[in-house]
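Here the structure of chain A is known, so what remains is to put chain B in place on it, guided by the hints.
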Amino acid sequence: METKIVDARGYSCPQPVLMTKKALEGLSSGRAEVLVDTVTSRENVMRYGEHAGWSASFEENDGGYNVILTK
Amino acid sequence: MNRIMVSKNGPVIAGLVFGVIAAFLVKLGNPGNMGFCVACFTRDIAGALGLHRAAVVQYLRPEIPGFILGSFISALIFSEYKPRGGSSPMVRLGLGFFAMIGALVFLGCPWRAYLRLAGGDLNSLAGIAGLAVGVGVGVAFLYKGFSLGAARQNPKAAGLVMPLLAVAILALLFLKPLFGTEGTGPVFFSLKGPGSMHAPILASLAAGLAVGWLAQRSRFCTVGAIRDLIMVKDAHLFKGIAAFIVAAFAANLALGQFHPGFENQPVAHTMQLWNFLGMVLSGLAFTLAGGCPGRMLIMSGEGDSDAGVFVMGMLLGAAFAHNFSLASSGTGIGAYGAPATLVGLVFCLVVGWLFRNRI
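If you read the protein sequences in the order shown, they are chains A and B.
According to my numbering, the first sequence holds residues 328 to 398 in order.
According to my numbering, the second sequence holds residues 956 to 1314 in order.
Pulled out of the complex, with its shape left as it was, chain B reads as follows:
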């Protein structure tokens, strides 16, 4: 099994498994075309922790801690747990922040962009086109010598923070503590809206652990896939994405979850310019940081503190996105979603420019 996952077919097999699992998670209760969405799920976790108070998107999604712990266990077993960090952490925090803003303007991370396509949501095409453009701009910076600098090896215990945080999130999910000053919280769970829709906890957790494990072994990355194809004409990871979309599409068809069209798609809007630009921002931020949000969770499980800081940036971005009316909803972009996207693009372009020629 392990030999197959680390072979050249690893990403394809991972993609096939992930696509099927994603469709089944929707069948089991997750919101439409949201079997997995690292951005949406991180946003739901931010809400559940009271970091934002958008009542419809609050839930401690077990898939996210599952990703981290699946990767952590896999990395430990296969001697790939290597704590490291120190490559411009604050810049990575900013990239995570704006990657999240872009994703919440589009309404999905790259994983969900592909899953939306596999469910028939044609608005995703503008997002995927934007993602490819964002990655392309990132590759142009990489060609110019963009680098956030080398990381250093950290003491063994330094890599435990993210796995422990994952355990803490799961503990809060099971314990549901209620001692907030207003008689609610400090952990919030949506009673309606997308946050109230979820697969059974153990199914979500098992799915997250399996994906974390397989992604750690296969290096599955939804952004690296496009990057490597453009940069070094290497389709190794891209085949994984193709398999992911095909498998999710087939499973959606079989489960009666394929509904082609632009209108009335679940957790999606039809403002194509912002679907496009939101993902340009995300694609660029992810490329400068070195991988998609799923990959960041996986790397944080391997002990990569820089990836962990990026994830914290995403959590922070999610909180700001809802508190400052930057996030989109089914009716369209948020009141300040457009300027926030442009600010994010300027931030990423300045980072791309300032950090060039370092290697």
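Excised from the complex, chain A in its bound form:
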């Protein structure tokens, strides 16, 4: 399964959410990974993903986080 990567590192809220929204648009299923560097961005992206019907989890990665969205 192809993974869509969104690199939102360096951006603060609401940009990571908007970038995620744009990436997920038109996708009915699949897997996306959103790279963020603050806990706030991680929480916001996960909340947005769940709100949009995706299941969300995260992994720590080099001081930041990879939010993994699957549907």
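There's no promise every hint is true.
[As the list claims (entries may be wrong)] Mimicking BS3-like on lysine-lysine, the simulated pairs with C-alpha atoms at most 27 Å apart in a straight line are:
| hint | chain 1 | residue 1 | chain 2 | residue 2 |
| --- | --- | --- | --- | --- |
| 1 | A | K398 | B | K963 |
| 2 | B | K1131 | A | K348 |
| 3 | A | K348 | B | K963 |
| 4 | B | K1147 | A | K348 |
| 5 | B | K1147 | B | K982 |
[Claimed, not checked] Partial list, derived from the structure: chain A residues whose beta carbon lies under 8 Å from chain B:
| hint | residue |
| --- | --- |
| 6 | R336 |
| 7 | Y338 |
| 8 | Q342 |
| 9 | H378 |
| 10 | F385 |
[Said to hold, decoys possible] Simulated restraints, written as ranges between beta carbons of each label pair:
| hint | chain 1 | residue 1 | chain 2 | residue 2 | range |
| --- | --- | --- | --- | --- | --- |
| 11 | B | S1151 | A | D389 | 35 to 45 Å |
| 12 | B | V1122 | A | S355 | 49 to 59 Å |
| 13 | A | T330 | B | Q1227 | 49 to 59 Å |
| 14 | B | L1309 | A | K398 | 17 to 27 Å |
| 15 | B | I1032 | A | D334 | 22 to 32 Å |
Simulated from the structure, these hints should not be mistaken for lab results.
Bear in mind the structure is a predicted one, so any value in this text is a computation, not a measurement.
Yeah, the Cβ is synthetic: ideal placement off N, Cα and C, and Gly gets one too.
Here is chain B on its own, set in the frame of chain A:
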């Protein structure tokens, strides 16, 4: 406690606590409907430091350094202290500057707009409507791809500037140095007017620290609340604002501080067009910068230099607002408040337009 604050109920609990604290700060001496006002308090600090010489609005409000330090301590404890910066700092300075001009034309930041409503000041409705419109215009730019660019991680020490500045403000408040050339200053304290009205220092400081802590944990944001509701139909933060207003309203009723009406409201004027437009400007500037002024203080405590630069812009804006007769008073808008608001709107619209499609 921490688990609750970072849960989906965090903003609601924070809002309830903030509303009650705000009402009590007024009871303890803060000006009417001004338990918290990031704009007014920053303006008072600018005056106390002699950056403007409006004698009635000069006081080193401990709530502001309290916000920064509460957030800083919380961020350190929960490993969220992450110095970062470099996302168009000068533009952020300008946004902070004009956000402050708009707020001082209305006479309050978004926090105080809600607190004015909770105290019965119906002039706030024009301001809150303006705030929603300003945020809406900001969201339209965000949809167009507006971004001030990515920030970079900074060395650990880079995030210490704002917390140290907060400590310096508190030190000046307690030491009250007097060595100015005219026998007064360099720190000024109002003898009359809103600047002379304040809760006891330790009560204000404790309130500021508590709010800084809880806002850092819950991400409480008075502008993000409206933005997220419009942009992604997410009411997570908005519930916090609703709780804030309800709690402040209930506490005001209980304390005999609810006085509904338009006339004779504390630190407010009845020129509704400018109440509206002032907050359109503020709402737009805050949305382009990424959050309300309280949130900017909180983020600056987490080590975000871009938020710190925005706060410096607000301080600068406050100084100019009084030195150039841009700020309103209880009698109405300042002599040059109207053109300054329009210039600010043009500035924000140009920024919104020029920085689109970056992501």
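What hint numbers does the structure not satisfy?
2, 4, 10, 11 and 14
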